[in-house]
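Hey, can you work out the whole structure from these sequences and the hints?
Chains as they are written, first to last, in the numbering used here: chain A, 182 to 306; chain B, 4 to 486; chain C, 174 to 408.
Source of the hints: derived by calculation from the structure; they are not laboratory data. Don't take each hint at face value.
To be verified - Calculated lysine-lysine pairs in the DSS-like style (CA-CA distance at most 25 Å, straight line):
hint: 1; chain 1: B; residue 1: K150; chain 2: B; residue 2: K349
hint: 2; chain 1: A; residue 1: K219; chain 2: C; residue 2: K403
hint: 3; chain 1: B; residue 1: K25; chain 2: C; residue 2: K281
hint: 4; chain 1: A; residue 1: K242; chain 2: C; residue 2: K219
hint: 5; chain 1: B; residue 1: K150; chain 2: B; residue 2: K346
hint: 6; chain 1: A; residue 1: K291; chain 2: C; residue 2: K403
hint: 7; chain 1: B; residue 1: K151; chain 2: A; residue 2: K291
hint: 8; chain 1: B; residue 1: K104; chain 2: C; residue 2: K403
hint: 9; chain 1: B; residue 1: K346; chain 2: A; residue 2: K219
hint: 10; chain 1: B; residue 1: K349; chain 2: B; residue 2: K204
Now for the letters of each chain:
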Amino acid sequence: MFEFLNQDTTIQTIITVGSMTLFFVGFFGLLTQKHFIKIFISIAIMESSIFLFFIGTMFKKSLTAPILGDGYTTFTNMNDPIPHAMILTAIVIGMAVLALGLSFSIEYYKLTGNAEIDKMNELRH
Amino acid sequence: MSSILFIALPLLFGFATPILNKFGKNGVVYGSTIMQMFLLYLAFDLLLNTGSHIEIISIAPPLGISFVLNKASLFFVMLFTFLMTMFSFYYLTHRKTDAYKSETKFFILINMLLASSIGLVLSSDIFNIYVFFEIAGISAYILSAYKKTPSALEAGLKYLLTGSIASVFLVFAIVLIYINIGSLNLAVIAQSFETLPHNIKILISIFLLIGFGFKVEIFPLNFWVVDVYQGSSSLINALFSGIVVKAYLFVFFHILYLFLPSGEFSLFLIYLGAISMLVAEISGLRQTNLKRLFAYSSLGQVALIFTAFAMQNQNAIQGALYIVLAHSIAKFIIFLALTNIKKEYKNFHINRLKELNSPFLRTILLIAMLSLLGLPLFAGFIGKFLVLKSLAVSGVLGALVIIVTASLLEAVYYFKLTGFMFSKSEKKEKLSIGISQKIIFSLLAFLLIFVGILPMIISGFLFDGAGVLLDSTTYINSLIGVQ
Amino acid sequence: MNIKHDLPASTASGFALSAIFVLTILNIILQNIPNVTQSAGNQLLKLNETEGVANAVTTVVVYFRGFDTLGEISVLFIASLGIGLMLHKNSECNLKVQSNFMLKTASKLLFPIIMLFGLYVMIYGHLSPGGGFQGGVIVASGVLLLLISDKSFEVPHSLILILETFAGVSYVLIGLIGLFTLDIFLGNFLPNDISQMGMLLSGGIIPIIYIIVGIKVGSEMSMIVQNLIKRSDNV
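Following this line, the structure appears as structure tokens:
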């Protein structure tokens, strides 16, 4: 009776709803938070949610991981390797930019004592 | 001579610099300048001898990444390498009195900016475009915050935050494209994009518009631009407005022409560009800081280029390419000249122009500003004329009225600036410009006048370039047919 | 104009705005759950059989999309450069708690094991799940362990510089050698018979590039971590 839970489309729907909830959390934080660190964390949550969404929806249960081993000798009936490669690159790039942002915030806080985005007034509006 | 050298040589130089640094700073600086001159020669050589071809990386397209060289992309590559060489020469003259701390790191960042801008223009794979987008972005964030003063750090932080949001939306768009179409090559995506269901097509287009819109500086996503220009040093502003934003404009419209060749959203984009220009010029009227004023002017001109590209017909794009050339050179002149003003008068208030006592600099700034205005005999005229004519011919009269109003407002504050420069009162002592700087400024100004008086020399080349950019079927066939 | 001033900053309207946005996206996406049958990945899997590498993800990352990997390590390189520029190490580490000798000794015992595991993941990246990025991050986490357990530990700057430079330059040089011999940048010019699949020396340039990537990522992450720790006084 519960076979529908085992199908690909159900799994993909659940993963889509879950990762979009995470995207909502990140987007909400981006719109309403004022502190630098909280904005960076919101951006990181949004990026992670997109990666989860991508890997989750490109996963087909009947296929296996794209690595030879456990008795497999040819590359058939395997999952798609491109999403994995893309997400590897995107994770590293996202992490590098966020680390840079943290170092900017640390230096800015040391110089001005301010860590909120609406109190930045060095540049005149 | 392969076009990969545009990317490989700056990367090699950048990776090797921390060790070369131990052997002496001057070697790195001069070595970088020589490398950029070689890249300029390579750009001319590729255009004149090899023409249009496809450069394969690792495996053949449509499964792999490739670089597509044609008249449109080579025009931008030549412009970028030329401007960067001029920048390096200018920095060499500027260096004895006002060198940057950790110069070698500065040069690594400059070269990465050049390599990624060229990569954006040449690449034919959407994820590769994202990677170059990030390289250009991260170099620009660090260059913006380079001086480590509070205002520079604030500019860097604002740039980084908006850039990260842009890249989140761009990744989302690429993910949706791969899920629905199954390929990352621009040609394969373009073939199947029209057949997607309507709602997902609109969603992907909106995400691409938001992702690129932050960097292409259209309203309302350009709230960060003026603050970043004010916080960064004037040398870096020249690079931002002359090289970086042009690369993003090219990529955005290249993707638009491939994915939506029938021009579904062009009316919306035309009005978006026109309104951006009007808002930018209105805001620029009451500025008293020179850097902010020229940043608003830059926003206005970029919005005009955006409108011209959005019209998707060959004459308008030819006009846009003329404006790209004129605007990049003119803003380069203006921002490089502003470094002299900063050095001498120590701040950027608009009244410093009244005190400017250097006939050479005043003439050069006058030539640049008249070109930006679009007066005949200067390079800016022919581009603006072609764009306005195309708007009138296509019948988009509302946008025509908005753009003409915005240009009149621009004329108001440029004439005000000219009046300040040539006012007869309150001159301080004479500001002397070194002979090498005079040569650089004269060369750039001469180009503006030369293209203004004889635009027909490059008009055929630009018309062909515009045609190539619009011709999505040839692009798709050349990429999918390669074995 | 600072958009944080002008947007409704109160949490209720932020909640409503983001909820509407995400629900529309969710609706559109759910109507288009993937039905792509023949994506580029399947064609790459078929092509992978000629490369002789057991891990298809490694071939895609290093060879078929090797240019993206080159771009990614340059992003990491520039980020490390920027963090070193911003947070120059001119103050000593100010960890409040002096760690006792048991912690120091235990972490010194653990570090070689973590390092060995990281190197294993790096070197066997083309045969089992893993690779340069994963191995590099494991090595950097070992360095992090030493940094936070021992106040006086410093990553030797010149060693990191030499490793980083060597790795970066050799990646681009391998690409250029491919350009000169095969006329394709990052072409596979070393022997890569399919008979060698599953052996350590298989796949031509692929394991070599992944080890280079691992060295670069490990050294850069160690530098980033050290810069962020050393400068964390009173913040």
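Right, here's what the structure says about each hint:
1. For the suggested pair K150(B) and K349(B), the alpha carbons sit about 15 Å apart, so the restraint of at most 25 Å is met.
2. Distance check on the hinted pair: K219(A) and K403(C) sit about 23 Å apart at the alpha-carbon level, within 25 Å; holds.
3. Distance check on the hinted pair: K25(B) and K281(C) sit about 32 Å apart at the alpha-carbon level, beyond 25 Å; violated.
4. Simply put, K242(A) and K219(C) have alpha-carbon atoms about 20 Å apart, close enough for the 25 Å limit, and the pair holds.
5. Only pairs whose Cα atoms come within 25 Å are accepted, and K150(B) paired with K346(B) is accepted, the gap being roughly 15 Å.
6. The suggested pairing of K291(A) with K403(C) holds, with an alpha-carbon distance near 14 Å, which does not exceed 25 Å.
7. Annotation: proposed proximity of K151(B) to K291(A) holds, straight-line Cα distance about 11 Å (limit 25 Å).
8. Note on K104(B) and K403(C): the hinted pairing holds, with a Cα-Cα distance of about 21 Å set against a maximum of 25 Å.
9. For the hint linking K346(B) to K219(A), the alpha-carbon distance of about 39 Å lies beyond 25 Å, and the restraint is violated.
10. Our distance criterion of 25 Å between C-alpha atoms is broken by K349(B) and K204(B), whose separation comes to about 52 Å.
The structure does not agree with the numbered hints 3, 9, 10 stated previously, though it agrees with the rest.
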